[in-house]
Structure formats: C-alpha cells, structure tokens
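Protein chains: 2
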Amino acid sequence: MHDAPAAIVIHGTLLHTPVFGEVEVLAGALISVTSDGRIATVCPQNSPRHPEILSSAREAGTLTELRPGQYLLPGFVDLHIHAPQWPQMGKALEMPLNEWLQQRTFPLEAKYDDIDFARQSYESLVDNLLANGTTTAAYFGTVHVAATTLLADIAHDKGQRAIIGKVAMDNIDECPEFYRDNSTTAGLDGTRELIEHINAIPNNGRPLVLPAVTPRFIPSCTDEMLHGLAQIVSEYGCHVQTHCSESDWEHQYVIDRHGMKDTQSLDRIGLLTGKTILAHSNLIDDEDMSTIKARASSVAHCPLSNLYFSHSVFPLRKALDSGLKVGLGTDISGGPSPSILHNCQSAIGVSRALEDGVNPRMAADDRGTPESRIDFREAFWMATVGGANALGLKVGQFRQDFEFDAVLVDTGVAGSNLVVWENLDSPDDILQKIIYNADRQNIKNVWVQGRQVRA
Amino acid sequence: MHDAPAAIVIHGTLLHTPVFGEVEVLAGALISVTSDGRIATVCPQNSPRHPEILSSAREAGTLTELRPGQYLLPGFVDLHIHAPQWPQMGKALEMPLNEWLQQRTFPLEAKYDDIDFARQSYESLVDNLLANGTTTAAYFGTVHVAATTLLADIAHDKGQRAIIGKVAMDNIDECPEFYRDNSTTAGLDGTRELIEHINAIPNNGRPLVLPAVTPRFIPSCTDEMLHGLAQIVSEYGCHVQTHCSESDWEHQYVIDRHGMKDTQSLDRIGLLTGKTILAHSNLIDDEDMSTIKARASSVAHCPLSNLYFSHSVFPLRKALDSGLKVGLGTDISGGPSPSILHNCQSAIGVSRALEDGVNPRMAADDRGTPESRIDFREAFWMATVGGANALGLKVGQFRQDFEFDAVLVDTGVAGSNLVVWENLDSPDDILQKIIYNADRQNIKNVWVQGRQVRA
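Quick note, the sequences are listed as chains X and B, same order.
The opening position of the first sequence corresponds to residue 310 in this note's numbering, with each subsequent residue numbered one higher.
The opening position of the second sequence corresponds to residue 310 in this note's numbering, with each subsequent residue numbered one higher.
Be aware that a few hints might be false.
[As the list claims (entries may be wrong)] Listed next, the stretches of chain B that the computed footprint assigns to chain X, with coverage defined by at least 3 CB atoms under 8 Å from CB atoms of chain X:
{"hint": "1", "stretch": "393-406"}
{"hint": "2", "stretch": "472-482"}
{"hint": "3", "stretch": "620-627"}
{"hint": "4", "stretch": "718-729"}
{"hint": "5", "stretch": "742-751"}
[Unchecked claim] Negatives, chain X to chain B, calculated, CB over 12 Å:
{"hint": "6", "residue": "G321"}
{"hint": "7", "residue": "T493"}
{"hint": "8", "residue": "E687"}
Since the hints were made in silico from the structure, they are not lab data.
The beta carbon of each residue, even a glycine, is placed where N, CA and C say it ideally should be.
Bound-form chain X, shown alone (with noise of 0.2 Å):
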C-alpha cells in the first residue's frame, strides 16, 4: 500500500517530540500521506530518496511546499472536554464548585435536551476546536442520548477525532431533578445506544469517533449504574472516562461511601482499564498511581481547571516518573481556554508552582516541593504523544503508518503576538515561542485522517 502514489505531500519543517523531553526538528523534509490519511514516508532532507519523492510529488500535483516561518506539528489532542459546558467557557470561574454546577453548569447542561440549540453549541464548538488545532477531543456529552448522538455525527461529518460518551448521572442525592438519567435503567440503555449509534458510522477500518462510558463520577451514579456500566465496558471493550479525586470533597465523599479511595472502586467495579481516562485525579497518592499504572489507565491533566477547582496542582512530575500515561485536558468550561497550547503553558507554570511553591512568607526551602517542574519540551510531548498514548490512538508524531493528524502553525502571520528573531531563535526556541504566544491566527492549517479540516 505504501508504494501506492500519495494523495499529499508535504514538504517543510516538521516539529514533533516522539521521544519525551525532546524536540525532533526534521528541516525540509517531506512527508508523504497515503489517500486514506496514514502517513506513507517521513523521508529527512539528506535521504537518498529525497530527490525522487519530490520530483514526483511536484509532477503528480500533489506537493504542498512550507514557505519559510512556517511549521508542520502533529495535531493536538484535548483529553478532557465537558462539550455542552461551550457557552459558558471563560465565565463563572469565581464560583465554588458546589454553586457552579447546581446554579449554572446543571441547568446550561439541561438546556440539550433541546436539539436545536445542541446543534448550534457542537457545531460553534467542534470547529472552533479544530481551528485551535484540535484534532483529537475527548468529549463528556450531557446526559441526552439525542444531543449527544448529535455530537458524535457533528465530530464525524467535520472530521474530528473524537471519544464521546453520554454522560451517566442518576443518583438522587447529587444530581437535581431537572437534570439526571431519568432512571438507572434508562442511564444504561442510553449509553447502549450511543455506542451502538457510534460504532454505527460508516468508517474506512479505521474510524474517527469511538465511543466512551461515561460516569460523571462516583458521586453522581448510583452502585448499580457503576456496575451497570462495567458490564457494557466488558461487552463493547470502549473507552471510559470519568473525573477521579478532583477536589477533596469529591475524594472524601467516595471514601465515606465506599470505604475506599476512588482508584480503588472504579477498580474493584472495573471501569479500571487500559481505555479508562482519569480526569484531574490530583489526590492521588502513591498507591493509586501504582493501581492506575498496573491497569494503564490514563491521566487527563487540565492544569487550567486546576486552578479554579481543584484547589491543588496534580503532582504530574511524580505521575510521569511513576511511568503513568498522562495527557492534557483543556476541562472546558472548569478550564476557560479552548487551546491546547495554552494548556501546555498552564502546565509549565503550574507544575512550576508546585516546584517552588506559593507563599512567600515560607523559607524558600519549606516552600515548595522539589523535581516537580516539567518544560515546554515535555508539555508538548504531553499534548501530542502523552495524549495519543492515553487513548490508544497511532497519532501525535510523524511516524509512518500513523495517522496524518497536523497542524500548520505559521509564524510569519502579520498581527500575531508570535514573533520570531530569524537570526536569534533557534528550531526549541520557536516550538517555545510558539507554545507561548501563537493562537489561532497562526493555526493556518489541520489534517485529520489525511483530510484537511480547516482551510
């Protein structure tokens, strides 16, 4: 198949980080991606085989030449996205968490039960992510099968790589009547039925949205919802994603219930699996990184969030040493950005925060908490192949035979905070410049699965 002609090829600097800690920097080579979106040939400038492919690409008509300032990144992947929580990004970030679901997210979340306007949200929110280089999200949907099966065809139809679950919330004592699973019987058949919807979409062998169990957390289930959904994890072998020790009432509040810490019951239930993805879990002491990494379930760190809910930083340093599979979550609308990049910088600063420590008023070495710190190299990896690794997905590097998943990030764009010192900045220097200041003006262009979703 690979010696098939390629249906694009491009040729430019390529900026990726395989290994972790890295910076890859692959000036003037070509990439070749085959018509059904993998990627044929990373061939580097000084390859014997340069010459050929390019004389060919340029005869087929299907070279697509970088113009200097201009690079090719793997696309982004966002483990952790609340979809319906889109109209309220960047607001409301001063409220307790108890007040911020039940007063605002609740009711805004109650509101896709009307199609129409889950329509408009999804439609605004899966091209504004795809236009921030979003090429993988996880999506928490709401609890309406019809708004969320919406959103999977949304994803599909503008070709974004997506898990998406029906979110499952059906305990009484948490969740409010104008908004839950209308009974535990009708939270799993729900869930059944999106599966079934998703699985259902015409793929090419290799589709772009997945399905995902979906238990808000522990909290908001009842015992037999979290059974319930362990039984369908073990029949459709899907992806699961919920929030794990977020906030220490969340953490207390499952060790009152269950008598253990959340690893442990999501585990004991087994909704603990290689395809589990763990939301903010920055509770988590050294015996549930073990359980999470004896089960390769993944971490989704949303550093943003972290600041307005968690009220801590995840210990990501520790979890990435323990050798945990650890990705970046944006956790629109806990989070107010809808970039990924902005993320990586939030990472970076945070896990500073939990290097150096806040308070001033402490002595500098009682401060803070040593080899914490991560640097833009590793937030990138984190927001790439750190993502693509939590899921399971061959995307976040340009490697043969995986996905052509991309983003073309243009520094030479005229009115963008991304300004690059051709005689000062060096390839890391850029990546660095780019994680700080390009947005989605200098996001020029995005493939996934080979198709370019943004022009």
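Since chain X is already given, all that's left is putting chain B on it; use the hints.
For chain B alone, kept in the frame of chain X given last:
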C-alpha cells in the same frame, strides 16, 4: 473648553471599573472627547442631554457608532516591561534566573548598542503592545542612552503613553564587562541625558512620555550610583522604577550588603517616593508594606513572571487590602505574554493558587493562604485604574477631564476564541469572557489621548 465641539463622540456600551471590584456598564452611552484628547463628557443613555449630543455629533460628522457586540474599555496599563527583551519573549523560561541573565538576557540587552537593531526591535515592540491594547507602558530600557532615547521617540511618535528609563547598572561584581555602565558617572550622566531628552519632546502640556530613574535593582548598582540617582530624582521629581524583593537570592543579597531589606534601603537612599514603581515585591513583609504605603509608592505585580523567576506568588490581596497601589506588569521577557488581559487571567489564577495552595499531598486546611484570591473584576481594575493610580495618571476609566485612552473590543470577530451567547451572557459575563478569551484580533481600535493609534 468643554463647551467646544467634541472631536470624537462614541456611542455604544462602555465597560469599566471605576470602583474596585465593580463593573460599571454604560449601555448606549455617549462619550465625547476634546480635540486635545480629554474626555469632555460621559453621557448615560437616560440623560436628558443624550438626544442633543447624539444629533449634534451626527450632524458634525464626529460620531462613531459601536456595533452590537462591540464594547469600549479603558486602555490597559502595563507597569513593568523590559523593552530590550522583546525578541526573547516566550523563550528561555526554563533557565534559572542567574543563567538566564548572564547567558541570555545581558547578551541580548548588550545588542542595543547597535541603533539599527534597537530601532527594529523597539518599533516592533511598541506596535505590538498597542495592538494588544496597552495604552500606557512603563519601560526599562538598556544601559545605552541612544537606544533608550530612541525608544522614547518611538513611543511618542506612535502615540503610546510611556514611562521610560535608562537602566543603571555599574556594579562590576554583579554586571558583566560586556554589559554595564562604563562608570558610575557615565550612568548618572546618561540618566540625566535621557530625562532632558524626554522633557524636551514637544507636547501639548500633557506629555505622553515621561522619564524614570531606573536602577536595575540594588545588586546591580554601587551605593554611589544609588545615591546619585536619588539626587537626580530630587532634582527632576521624576518617576523611579526598580525591582524589589523579587527572589530569595536578591532579597537576601540586599540584607547581606546593606543590613536591611530592599524597601528600607531604597527609602533610606531617597528612592522610595510617591512616583516609585516597585516591580514584583514578592517577598515584602508587613513592615515593607507599611513603608511602601507611607511613601505612596506602588507595586507592579507580574503574575506570569512570578511562576518562572520569583519562586513564589506576590501576596496581592494582602497588599490591596493594606491600601497599597498595585497594578499589573507583563515583565517581558520574564513573563511570556505581551497582553495585559493574559496577565489578568494569570493574576486571578496565581491568586487562587496562593489561596488554595498547590500541594495535594498536604491537608486542604494547611495547603493555602486564606483570603488571597482576586476575581476578574478586581483583575480588570488593576489592569486599568490600579495601573493609572500607580503612575499618577488620569487614565484607566471613563470620567470627565480624564485622558481618552481606550480600547474597542469586538466580540463578534469571526475566527476568535471569544464566543458570546446573547441570551446567556450578562455584561459582567462578557467582561469575564473578554479577559479570558479576547486576543488582539478582537481589539479593533485603540486610542491614546484621543489619537487613534491602531486602525
């Protein structure tokens, strides 16, 4: 004078924060600006004079009608920028302060001996800051008189309100041979030369550009230099800007050398005045706060750079509650963003980190510093009124006789992350969304002293 016909009349919704913590929304208001750039009147929609002002302005052709979704905000005040570090913005943030200074920053600043390089960099800087809505900027220059006078000329010509200082640094123990004042006398003479140059720039009696005596920080200056600068301050009555108790190293250095803390030492020397701006000031204690308050000096809080170089978070809330004047600084390039709105986000975020604490392995009650947070209204106040108060300027709010420094934010720009939902967002929500997701695309117009400086 206020009866003379207005040169500009803008009709639309004004958002500002004249009172700390409160958003004032003036829907359908008329703001009239004199030909010399002052606010003549702010006329609310329900005023009996409204129809007359509106129709006169329409007749005179001086009316600008804001479209739905457009908002007029006060221009932003940036209290701390290292102008020469503009090319370094967004990189080298992973380096420790000392390496960063010696290996990257001093060599970069030394390049401003080349006036062509200085012109290229400073023109780019001022253009970019204006495009981000920064109508007032307090700039550290370099040791070079020529480059720093050029920066003053560029700010004046482009119409940015600016406080500008030639950096004084003559201590051979702390400053490298390739980048320092040639002698104490040279540093003092250069400081005078810059002040005289700026004071001679023709103006309408309300100068746009003002000079500042600018000892880099105590470690970089000899005592002779510090005392000489204080003499200059007493002669010219100009602004002073310096770094204060930014990091553990610097804070201890001053104690070791002078036997007292930064504020005490600056005060004793005569550098703590009602026109002094102290950058960072992370490690100031209650006594320092009293001293700063007694002298009516100000603090430039630089929240983004706190994370990279201060190893702690400035106790902002405590400073505000103690009656200190505090505004925001980007600290380019110790901070990676040119946007005061980004720094509002960060000021909120780091205040939450300080309040809640960051280390999840500590008990919730022991983790943080209660009552440290600010919200978006307070952050916006700091970005406008707080900065204005710090500098003693009549800017930062829409009020008769104040300077017309303003920003037109358009929430309806296609391809922006600022998404407003007409039926769901209140004016306060809109301001919060502007803070979190407006970028320079949304800033359609910028005025300083009534002059449109960005079309």
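Cross-check of the supplied hints:
no., hint, in the structure
1, 393-406, "holds (count 9)"
2, 472-482, "violated (count 0)"
3, 620-627, "holds (count 5)"
4, 718-729, "holds (count 5)"
5, 742-751, "holds (count 7)"
6, G321, "holds (21 Å)"
7, T493, "holds (31 Å)"
8, E687, "violated (10 Å)"
The structure fails hints 2 and 8 (numbered hints given earlier, in ascending order).
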